[in-house]
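Visitor: Each chain, letter by letter, is given below.
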Amino acid sequence: MVDQKLRATIITGRTIDQGVGKELGKGSQEYFDSAAVCFMDKVDMIKLGLRNGANVQVTSKYGSVVVKARKFPRGSMPGMVFIPCGLWANAVCGDDTFSMGMPMFKGFPVDVEPAPDQTVLTLNELLKKEFGKGM
Amino acid sequence: MTTELKSIVCPICGCLCDDLEVTVEDNKIVKMKNGCAVCEAKMVHGYNSEERILKPMIRKDGTLVPVSMDEAVHKAAQILADAKYPLLFGWSSSTSEAQRVGVELAEELGSALDNCCSVCHGPSVMATQEIGIPTCTLGQIRHRADLIVYWACNPWASHPRHVERYTNFSEGRFEKSEWKEYIQKIKATSGKKKLAAAARQSHFMKYQPPPRPQTCVVDAPPQTIQKMGRKMIVFDVRKTMTAEAADYFVQVEPNKDYEIIQALRCLVNDQELDVDKVGGVPVEYLKEVADALVNCEFGVIFFGLGLTASAGRFRNIEIAIALTRDLNKKTKFVISPMRGHFNVTGANVVFAWQTGYPYALDFSQGYPQYNPGENTAIDVLRRGDNDATLVISADPGAHFPKAAVQNMMKHPLITINPDWNAISRLGDVVFPTQWCGIEYEGTAYRMDHVPIVLRKVVEPPQGVLNDEELLTRILAEVRKIKAEKAAAAPPKTKCAAKVEAN
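Residue numbers (the working numbering), protein chains in the order written: chain G, 2 to 136; chain P, 7 to 508.
This is chain G alone, in the form it adopts within the complex:
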């Protein structure tokens, strides 16, 4: 039985590939490949019927974004998803700072569901969609 949706806790942060991608250029393929992804636990992927590289929609109460699901390569992290820092992660992050200046980058709930019919937007497309501007 495949689940329709996974309630998970999201963590955003750095990966070495995202670091390399951003230094090569935010418009580069390397940046897109490394930042528009969502690392998930293998068991959670099986529950949702996802293959490695399938499109998923990640939704929080602050926003929604489509990214590629990837199996987390080390250890297990059931009920947790990880999106590298970048525009795609920020689309679901909240701007509440709890009076400390620091927004919600880690540890808040999101829903993850398969999105086979939706595409992962590129940096330019996402900028146009979210902010109505771009190159």
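What the hints contain is simulated information worked out from the structure, not anything from laboratory work.
Among the hints, a few may not be true.
Said to hold, decoys possible - Computed beta-carbon distance windows for the label pairs: (1) G:K72 / P:T195: 12 to 22 angstroms; (2) P:E290 / G:V44: 24 to 34 angstroms; (3) G:R8 / P:T195: 28 to 38 angstroms; (4) P:A202 / G:N53: 15 to 25 angstroms.
Stated by the list, open to error - Selected chain P positions facing chain G (in silico; Cβ < 10 angstroms): (5) I18; (6) Y53; (7) G68; (8) V125; (9) V243; (10) N261; (11) E265; (12) F406; (13) H417; (14) L419; (15) D425.
Cβ coordinates follow ideal geometry from the N, Cα and C atoms, glycine included.
Dock chain P against the given chain G, drawing on the hints supplied.
Guide: Leaving out everything else, chain P in the frame of chain G:
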């Protein structure tokens, strides 16, 4: 012509590695040694890629159009001078010299002034101001530390040479490198994986996959925590590459760091815990960690955004510093934040020696006011208080929450960045600038507050100014516009002047 340069400083992260060897051919970096993957991506490929901005641009009818530097400077100065409360944000990937001019500009404009620290280690600064911080330089740690704790950070990804240069894998004067042991561990793990793969493929053996754990804690307490020599303990919510290299990895539940640190404080102070688990971690594991912390000769806790950005924010850091203070009653212990951008520490330092405060500044009253949570960039943006924004050496377009950037987009946006990142793509006035540490030299502060001079490696593109020169020109133009406005304004009545003075 080929030139080989040694002792070049890496302008990427807070480690500021100063041992790069760079080969320059025809004013282009063609090869480098000693850098990490991120450094090589920038120094050899990224700095000169197609993403580079080479001309100032102004958005006209929705499209960015190249203009002269004079026109762009005038337009930017006009926007800033007309604004009642602009926000000046970024600074962390710029030199301290440019940051100094930035503070002057903010004072002139009566604006909000903030640096990237507010979305990384701002809470650490707040905690330090609350109870102080026992810390030392990375050199001390390299030579003397025998226990390294990485808490909620992943240097393997964000500071790739930190472990190699300053902690477990560095060869200190009094502590040996643990490289060899790590390589043996990798070989053993690789061998086990090969055996498991062979067993899976074999028709003669019935392979049983190991049972999956039901909880977040995946490892039983290993014996490695008792080993001699340098030890590395990692606390994180997921098993990162750093955790894989560690002697002891403790996987904690998200947002439970405060409870775990508090539990460790109890154990370090010889108190008993009447629960089996804290934050998903069995107390038995924590007792082993507490023993290791107390029994080391020189320990250090490095912490990252996992503490500053999760529930508790600056209280997490406060309690981590309190743990370090407790440990100092029994042994020698220090604590240090893992600063991200190469000069984010410098931004705090420069802002502090210019104004008295390290970030989250407001000059709207004519003097600096400091109030994190109110004057920090995200808070100014979410309230929609600012009516113009200048972003320099940062990319809030890719690193601020969507709602904050949407508010930023409602008003004119000036960007100063060497390449087309997300915020440059959204800018109304876009300035190119030189890569600091590649095309011009300047001062940057390492994560342990040691100032290091970034060196110039190649010549910048023609007509492109560095941050300090550009800001100085904008500041002069702002002053000129304001003087013209003051001269053109009708003379004030005695009564109006009195009201303004009050």
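Visitor: Now tell me if each hint is right for this structure.
Guide: Each hint, compared with the structure:
1. G:K72 / P:T195: 12 to 22 angstroms: Hint holds: Cβ distance 18 angstroms, inside 12 to 22 angstroms.
2. P:E290 / G:V44: 24 to 34 angstroms: holds, 26 angstroms
3. G:R8 / P:T195: 28 to 38 angstroms: holds, 33 angstroms
4. P:A202 / G:N53: 15 to 25 angstroms: holds, 19 angstroms
5. I18: This interface hint holds because 7 angstroms falls under the 10 angstroms limit.
6. Y53: holds, 8 angstroms
7. G68: holds, 8 angstroms
8. V125: holds, 6 angstroms
9. V243: Status holds, d = 6 angstroms.
10. N261: For P:N261, the interface hint holds, since the closest Cβ of chain G sits about 4 angstroms away, which is under 10 angstroms.
11. E265: Nearest chain G Cβ about 13 angstroms off; hint violated.
12. F406: holds, 6 angstroms
13. H417: For P:H417, the interface hint is violated, since the closest Cβ of chain G sits about 12 angstroms away, which is over 10 angstroms.
14. L419: holds, 9 angstroms
15. D425: Result: holds, 6 angstroms to nearest chain G Cβ.
When the structure is compared with the earlier hints, violations turn up for hints 11 and 13 and for no others.
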